Amino acid sequence: MDKQKSLREAVRSLHDGMVIGVGGWGARRKPMALVREILRSDLKDLTLVAYGGPEVGMLCAAGKVRKVIYGFVSLDKIPLEPYFRKARESGAIEVMELDEGMFLLGLRAAAEGVPFAPTRIGMGTDVLTHNPELRLVTSPYDAEDVLVAMPALKPDISLIHVSRADRRGNVQTDGRDPYFDNLIARAASRVIVSAEEVHDRLDLTHSHMAQKSLFDRSVVETVVAAPFGAHPTTAHDAYGWDMAHLKTYCDGARQEGGWDAYLRDYVGADEPTYLDRVGGVDAIRTLSIPNL
Amino acid sequence: MIHAETFTLAELMITAAARAWAEDGEVMANGIGTLPRIAAGLAKLRLNDRLLLTDGEAFAVEEPVPLGCAPEDRPGHAGWFPYGRIFESLWSGRRHAMVTPVQIDRFAQANISCLGDFRKPKVQMLGVRGFPGNSISHRNSMLVTSHDRRTFVPGEVDVVCSAGFNDRLWPEGARRPEIRIGLVITPLCVMDFGGPDHAPRVLSLHPGVSFEEVAANTGFELLRAPDLHETAIPTAEELVVIRQLDPHDQRAGALKGNPSGLRARAA
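Those protein sequence lines, which keep their order, are chains A and B. Be aware that the first sequence starts at 1, since it is given in the working numbering, and climbs by one per residue. Be aware that the second sequence starts at 293, since it is given in the working numbering, and climbs by one per residue.
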């Protein structure tokens, strides 16, 4: 069993119009190498499902996004994602803006195979006004309990960055917070993982780290080797986020032709080119893990 | 108790904000943003040792992490608090957050999502983030760095992110979770929503500020709390703690011009 593919082959398995779940959280552990490969492709009309970071802004800037379903879109230290903001303010994209916890419950419902999760979150707010597809349900146990039926959020496929994987699809994720990668994986039940390192057999070489596995290989369809593939976001514990680069990226949003320049000057033709242009892998290795 | 001779408005607001957590018992104190975070640390060290704090990343701490703390100086971890546990904690109600909304209305509804038409906003901001869930799950306080009619809006906020005391958005006959609002700290005063039918009211005025000035800068009617008084100024001890919690003086950048805490009185 060998699920390893090249970045290009992996992205070729995606289609126009797909609903794509993205792991990570804000500017943390985003599968950016896969995202950049999507930027290099002809894919379009995508729906993104994410605790969003720069992947949302970049794919919006490139005109590849029809809709974003999100708990937030932020670059952490830089609170507002500028290209997402532009896409919103120009009315270019549809959105389903959710409370962060509702978003989690929608993923969990999909992972559990139920159509919705009952919750009080959203009651009394404009989340219901601006998402008219959200319905209320009355508790069968007490008619005074009226709840939001948060629909299952089921991506067609999810993209998740991990610290290491093996060719069979076993994964390990370092770092102090798993975020919700387990749910993003389970909700979709089809996952492309990008990994800092790909090994033959994690059970033979990294057995003592098995608790770092956030989901099992039955949901992993494809494994891609993507060293430094989370840059400019963090990949705990390998490297921190690159705020200087993110600032350059954000500055481009205020300039005419800024996005085209970013594509040309950084994204380039492939990942080795990208990594060189952002300062090289030795520089990325020295980026410190953020501490707020 | 020795009162400080000079202090900034930001320090006065931190001191006032810390009191929000004084009577909370054993809950997680989450101060989001520079001044609320210092305030939560001050509350833990001076007012309520039972408070739970996090390091802002993924761990619980028993000592507040100073702003800009070097990795080698960070306190030890008392427990693990990844985001998944934050949700468990907040849904349990054992949390009291202090946040900085962009708009607040007379129903205590708050907005951080966007300004203007939601479908094509004039200004996209953060999105609703955790406000809807926070507002129905646990107590929330607010700290704002400007007090004007753009912050305290007439009518309702553009996007209701935090549920408040507004019948319009609740189905008739449905059971409502208790909406718990702590304190609202502004550059002019301290408010709450403790008037009749949760009416907003002024609890204390910062030195030199009049009720009329507050009212003129607020887009909705305000009541005077029965014991309306002057906001307590920081003690020398409180200022020492504030400096320990914010050694690089990030608080100086929180308010435009970093005014003195006694500026209004001087003017």
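If you're looking for bench data, these hints aren't it; they were derived computationally from the structure. In this text, all values refer to a predicted model and were calculated from it rather than measured experimentally. Ideal Cβ positions, reconstructed from N, Cα and C, are used throughout, including at glycine. Please note that the accuracy of each hint is not assured.
Derived coverage of chain B by chain A (criterion: at least 3 residues anywhere in the stretch with Cβ under 8 Å from a Cβ of chain A; other residues may be distant) [to be verified]:
hint : segment
1    : 301-308
2    : 371-378
3    : 391-399
4    : 412-421
5    : 467-473
6    : 504-514
Quick rundown of the hints versus the structure:
no. : hint    : result
1   : 301-308 : violated (count 0)
2   : 371-378 : holds (count 4)
3   : 391-399 : violated (count 0)
4   : 412-421 : holds (count 10)
5   : 467-473 : holds (count 4)
6   : 504-514 : violated (count 0)
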